[in-house]
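Numbering follows our numbering, with no gaps: position 46 of the sequence shown is 96.
Treat the hints as calculated values from the structure; they're not laboratory data. Be aware that one or more of the hints could be misleading.
[As the list claims (entries may be wrong)] Straight-line C-alpha distance at most 20 Å; calculated SDA-like pairs for lysine to any residue: (1) LYS226 - THR179; (2) LYS257 - CYS247; (3) LYS98 - LEU160; (4) LYS281 - HIS224; (5) LYS226 - GLU178; (6) LYS257 - LEU243; (7) LYS228 - ARG182; (8) LYS140 - PRO293; (9) LYS212 - SER147; (10) LYS228 - PHE177; (11) LYS212 - ASP279; (12) LYS257 - ILE312.
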Amino acid sequence: VPRCTWAILLVCEMEFLEDYIEWCAAIGHENRGFFREMDLLEEWTNTKELSMASIYDGSVDEKNTTMESDSDDNLSSIIMAEVRERDADKCVITSQSTSMLCDICPDHLLQEFSYRFWSGLLQWWDFETVQRWKLPLFPNHPHTEAVETIQNYISLSPVLRKYWEWGDFVLRPHPKHKVCHRELEVQIFWLPLQDHCWSDKICIFSKPPRIRKGTTVKLVGLEWEELKDLKSGHWITLTTPDPDRLPLPSWDLLELRFIMTIFARFAGKIVPEEGRNKNK
51 VPRCTWAILL VCEMEFLEDY IEWCAAIGHE NRGFFREMDL LEEWTNTKEL SMASIYDGSV
111 DEKNTTMESD SDDNLSSIIM AEVRERDADK CVITSQSTSM LCDICPDHLL QEFSYRFWSG
171 LLQWWDFETV QRWKLPLFPN HPHTEAVETI QNYISLSPVL RKYWEWGDFV LRPHPKHKVC
231 HRELEVQIFW LPLQDHCWSD KICIFSKPPR IRKGTTVKLV GLEWEELKDL KSGHWITLTT
291 PDPDRLPLPS WDLLELRFIM TIFARFAGKI VPEEGRNKNK
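With the hints as extra help, turn the sequences into a complete structure.
As structure tokens, this is what we get:
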């Protein structure tokens, strides 16, 4: 199967993996057009019209401008101030005083045409799971407008922010902390770089690359003093001084980002059509 398919099967809910295997056994891989995992990948990474190079070479650096531009409306300004107050105006991972607001669910998935992404999730996850992920952002069902919420933001240092956006660095919320209000433990993961294209073929039963408990210099090729002690598997505690007024980052949104980041990284590189290896 294409790496993109293999990657979504690594992270989807078990019943959907079983359904997929039964489907392919009955009909064959050639007739699997019903499954649209590549569309889901492009929607998450916002690469429908872009090559991977423009996303991952560091030349595109537009994040944080939405929250801090001169055209911010009053609501965004309030949210920005609340996030900084909750996170004590510092990076929640390194405690560095220079920090930037980062969204957990990407902003483009809160826009008018994001329904394609959210509906696409239903091919791989239960309705209840998808609704749980959507609820912090779309609380006014049946209305489809997204809302700004402090729970969709986290403060990270400028360096960590780039790794966060590039998919090198991700946080996994503690499975037992779903209902915690004042503290939330998150686990750090540095994901191995991938040299593959999403369309490269791979055995459906192949094991994923091991996420090593190594340093950033080994995993992302760069070494920063502030990151030298941050290793995969380490746990960090996020806190809030006022869980009612300044709620913690959403457990559900952190779970969504963790799953989709794993999917996007293991799926391999997204490249323009002419750049794909047609011999695979």
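Outcome of the hint check:
1. Under the criterion of a C-alpha separation no larger than 20 Å, the hint pairing LYS226 with THR179 is consistent with the structure, at around 16 Å.
2. At most 20 Å may separate the alpha-carbon atoms for a hinted pair to count; LYS257 and CYS247 meet this at roughly 17 Å.
3. Restraint check for LYS98 and LEU160: the C-alpha separation of about 16 Å stays at or below 20 Å, so the hint holds.
4. Annotation: proposed proximity of LYS281 to HIS224 holds, straight-line Cα distance about 16 Å (limit 20 Å).
5. Of the pairs offered as hints, the one joining LYS226 and GLU178 holds, with about 19 Å between alpha carbons and a cut-off of 20 Å not exceeded.
6. Only pairs whose Cα atoms come within 20 Å are accepted, and LYS257 paired with LEU243 is accepted, the gap being roughly 16 Å.
7. Among the hinted pairs, LYS228 with ARG182 is consistent with the structure: their alpha-carbon atoms are about 12 Å apart, no more than 20 Å.
8. Distance restraint check for LYS140 and PRO293: the Cα-Cα separation of roughly 18 Å lies within the 20 Å cut-off, and the hinted pair is therefore satisfied.
9. Between the alpha carbons of LYS212 and SER147 the distance comes to roughly 17 Å, so the proposed pair stays at or under 20 Å and holds.
10. Distance restraint check for LYS228 and PHE177: the Cα-Cα separation of roughly 18 Å lies within the 20 Å cut-off, and the hinted pair is therefore satisfied.
11. Proposed proximity of LYS212 and ASP279 is supported: the alpha carbons are some 18 Å apart, at most 20 Å.
12. Using a Cα cut-off of 20 Å, the hinted pair LYS257 and ILE312 holds, with the two alpha carbons roughly 13 Å apart.
Going through the hint list in order, the structure satisfies each hint without exception.
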